[in-house]
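Q: So the protein lines, in turn, are chains A and B. Residues in the first sequence are numbered consecutively from 183, following our numbering. Residues in the second sequence are numbered consecutively from 30, following our numbering.
Calculated from the structure, these hints are not laboratory results. Heads up, none of these hints are tricks.
Label pairs and their calculated CB-CB ranges:
no.: 1; chain 1: A; residue 1: K199; chain 2: B; residue 2: G114; range: 36 to 46 angstroms
no.: 2; chain 1: A; residue 1: Q223; chain 2: B; residue 2: T139; range: 11 to 21 angstroms
no.: 3; chain 1: B; residue 1: K107; chain 2: A; residue 2: T295; range: 32 to 42 angstroms
With the C-beta cut set under 10 angstroms, the calculated list includes, among others, these residues of chain B facing chain A:
no.: 4; residue: P38
no.: 5; residue: S71
no.: 6; residue: M74
no.: 7; residue: L76
no.: 8; residue: A122
no.: 9; residue: F132
no.: 10; residue: G133
Backbone N, C-alpha and C fix where the C-beta goes; we use that ideal spot for every residue, glycine too.
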Amino acid sequence: GAGVSQSPSNKVTEKGKDVELRCDPISGHTALYWYRQSLGQGLEFLIYFQGNSAPDKSGLPSDRFSAERTGGSVSTLTIQRTQQEDSAVYLCASRRLAGILDTQYFGPGTRLTVL
Amino acid sequence: AQTVTQSQPEMSVQEAETVTLSCTYDTSENNYYLFWYKQPPSRQMILVIRQEAYKQQNATENRFSVNFQKAAKSFSLKISDSQLGDTAMYFCAFMATGNQFYFGTGTSLTVIP
Chain A
183 GAGVSQSPSN KVTEKGKDVE LRCDPISGHT ALYWYRQSLG QGLEFLIYFQ
233 GNSAPDKSGL PSDRFSAERT GGSVSTLTIQ RTQQEDSAVY LCASRRLAGI
283 LDTQYFGPGT RLTVL
Chain B
30 AQTVTQSQPE MSVQEAETVT LSCTYDTSEN NYYLFWYKQP PSRQMILVIR
80 QEAYKQQNAT ENRFSVNFQK AAKSFSLKIS DSQLGDTAMY FCAFMATGNQ
130 FYFGTGTSLT VIP
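Isolated chain B (complex conformation) (with noise of 0.2 angstroms):
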């Protein structure tokens, strides 16, 4: 079974500042994909950033990276120069075989002005 773990319920980060976002996750599988999605208050669902595990390389969007490391199960969400509209429920999900996908708990970030 596929589980992902958001450890981070609530973060807060300064305007201009960096912050990074936990997820770890557990599988078998050996090809999957995973992904970061934002949830602002208007509750739609936003895809920020993905990840092929087969590639050793980080995702990189704009503002948004990750930190993938494969041995340890682990996909971090670095978020730079951090702005208002930033602030929303961040999710951690996880795509292998099957198209299912499965999602963290979710991480509450504020940026703070």
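Next comes chain A alone, as it looks inside the complex (with noise of 0.2 angstroms):
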């Protein structure tokens, strides 16, 4: 079946300007992550959401990153007023979550580049 897709692949934007990030998670799957890969660093969390349940935001870097996820599938994450440092790849990942040990399986990522 399909597996996790994002779009756009790559976004280039100004400093300043809002950018919106999509994900498509795998259909049936209740959990969904979104997270940030600098160059040279490894994946930071950014945010959880499992079914209706309130998402775990803990590691939304400020104010200016919000993400929703509608109908319990497509997530949107959302970044206003975009800086330099927001420069990175955004990966999405979901999990079925009928086990523990469940794998996340990951997008291809949004590449951003705020100039």
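Bring the two chains, given one by one in their own frames, into a single complex with the hints.
A: Here's what the structure looks like:
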């Protein structure tokens, strides 16, 4: 079946603009994660959605970052008033979460460049 | 707080040889899970292998195996008979309660023909 998809694959924006990054998880997966991967760094957890529960937003770096998950499926990560330090690859992952060892399936990421 | 440390930013190995990637972690949890992910140049992260902390037996998946030392909080990945397709970034990850994953900074592995 189809994997996790993300769009756009690349985004170049000017400092101060808002951007929206989209994630389409695997159908039926109840859990969805957003990560940020900066050059030379590991994956930094941003936010986690699980079913209808309140999302875990503990990783969002500032109030310029927000995310939504509509209908328990598609998720959008929004970055307002982008800064150059926001430049990174943003990865989305989904999990079926039928069991604790359900693996994460990652999308190909969106490379964001803030000029 | 959970932390994951990968102390080898870059490694290389000759094709068909064996290489070991290191990972240490810090946690106060007793029940947790450890993972190795591979990220090739295509950026698509793929699960390589996983280990439950309560299992003493080291996990093995074909050419990939781990050396899990719970007391030392060490979780190394051994790749046997290295292949050119193994060239990638490798990330060690930890998950305990709360379903949040913690990743190391990665090791860039190059397999030399």
